[in-house]
Structure formats: C-alpha cells, structure tokens
Amino acid sequence: MTTNTLKTTLTLGGDLEVNRVGFGAMRITGPSIWGMPDNPQNSIDLLRRAVELGVTFIDTADMYGPFTSEQLIADALHPYADKLVVGTKGGLVRFGPWAEFNNDATPQHLHDALNGSLQRLKLDHIDLYQLHRIDPNVPAERSFGFLKQAQQDGKVRHLGLSEVSVDEIQKAQEFFTVASVQNRYSVYNREWEPVLDYCQQQGIVFIPWFPIGGGMDAKNDAIMQRVADAHGVTTHQIALSWLLHRADNILLIPGTSSIEHLEENMQVGRIALSDDDMVMLNSIAG
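Numbering (our numbering), first residue to last: 1 to 286.
Do not take every clue at face value.
To be verified - With beta-carbon atoms standing in for the labels, derived distance ranges:
(1) Thr5 x Glu174: 33 to 39 Å
(2) Met36 x Ala81: 20 to 26 Å
(3) Gly54 x Ser257: 15 to 21 Å
(4) Ser274 x Phe95: 25 to 31 Å
Since the hints were derived computationally from the structure, they do not count as laboratory data.
We put the beta carbon where it would ideally sit given N, CA and C, even for glycine.
Could you put together the complete structure from these sequences and hints?
Here it is as structure tokens:
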C-alpha cells in the first residue's frame, strides 16, 4: 500500500506561489449570500484566522453580497500581506436574496464590475480576475477582448474563467493566457473531468467549487466513512483531501462562516491517502 505525498503549494499564472488550501469567501456575507452578516466582526475574525492558519489565496466575487464579501475582506486584511493573493470575479448579477443569478458579461458591465472590485478591495490591480460566467447573450469575443485590454492596462495581473468547457477555454486562450478555471467538481460530481485533465496538460490552475457536496447515497457514504474512519477524520475532510490527491494543479477554496470548520478544513493537507484509499474513492459514481 503506497502512501501518496502531496504538494503543499502551486504556482498561479507562472509567478504567484500559493498554498493549495485556500479560502472561499462566499459564506462570510449575510443569509442567502445577501447583505452584511448579522455580526460582521465574526467574518472579519474568520478571515484573519484563515491567514493565520496559512491561507495565501482568497476567492471572492462582486456578486457575493453583492459587494459585501469584498468589503469585509478589505476591512479584515488591508493592507494585505505580501504573499496573500485575493482573486475575485465579475459577470453575474442578482437583484435580491431569493433572486436567480443573471449573466451580464457585456464590456460595460465588466468595466464597472472590475473598477468596483478594485475600489472595494483597495487595490490598484487584482492578481486574479475571473469571468464568473460566459454570457450566452454576449459574443464571448467581446467579453474576452475587454479582459485582455484590462490586463494590458495593468488592472489585472492574471485572468481566469468559471464554468467553462474545453472549447471555451481554447477560445479564451486566443485572447489571453488562462491562469485558472473554476468549475463545479468533487468526488461526487465528475462532470468537468475533461476540463480538469485539459487544465493539467496546459498548466492551468483548477479551482473546484462546491468541493464537498452532491451525489451522496448509501453506498458512496459507506465508502467515504470507511476511508475517514481509517484516518480518524471526517468525510468532509476526505472529500477535500481526495481533490488534493486527484491532481496537483487543484487549488481548494472551501468556504465556511465558522472558525471551527475553517480549522478543520485547513488540516486536510496533512491527510496522506494511500493508493488503496484512492481506488476506493475513485469508485464513487460521479
């Protein structure tokens, strides 16, 4: 039984080294990802604790709140530590706590979204700016062209995409170097496996969102519990650890509003899954 050794860091965009267990800042906002939380200081304490525990990459978006996640990050962490990378996203909008997400990747909206993020995060450039969604009502070339120009203007350092196919990544690569792809992916949900494989071939960082949930049933639960019991950890920790073992270009961004859960998430890099563990976990239907 071989125990796999994990890489603890990866390089984003060829020049930004970050720890592979980052933090997703969606849940630091109010209920239903809307408005300020009831106690903003709790979110500020959570963010500061994340950095204390070794987080060097924080993922957010202008839509989270909207705007409040970015504001809280700046309140908690500005001026930022030298090694801290804050990535944000633009291209989705929502008009209420129960409203559906709406695409808006027009150049005008992305212009306003990017400048708003720069202001709220108190930055003169954003290290990683990701297109939250390709807008089906806007030719992708227009969105990509704006992002290319924003990079040339020095407003962003690296560019990424979210919820995209291999073909869409390749189209974007005609305009700029794609540094990251953020798609839904977990041990339970492997829909975007071809995208992960392509990113690994291309040296693109893959950032799975919803890295724990989806697809659970009695059989899969039993497999997860068996591996978790063998390591003395939770099934959620095993789900995150599987991602780190699955490919060395994966950057985790588990989100939480609880310091206790944050501390639990930050331990997953210490879990060494064996080849036998991986065979069992890979057998889970995606």
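Status of each hint after checking the structure:
Checking the proposed 33 to 39 Å range against Thr5 and Glu174 shows it holds: the Cβ atoms sit about 37 Å from each other. At roughly 24 Å, the beta carbons of Met36 and Ala81 sit within the given window of 20 to 26 Å. Between Gly54 and Ser257 the beta carbons are some 19 Å apart, a value that agrees with the proposed interval 15 to 21 Å. Under the hint 25 to 31 Å, the C-beta atoms of Ser274 and Phe95, about 49 Å apart, miss the expected range.
Taken one by one, the earlier hints fail for this structure only at number 4.
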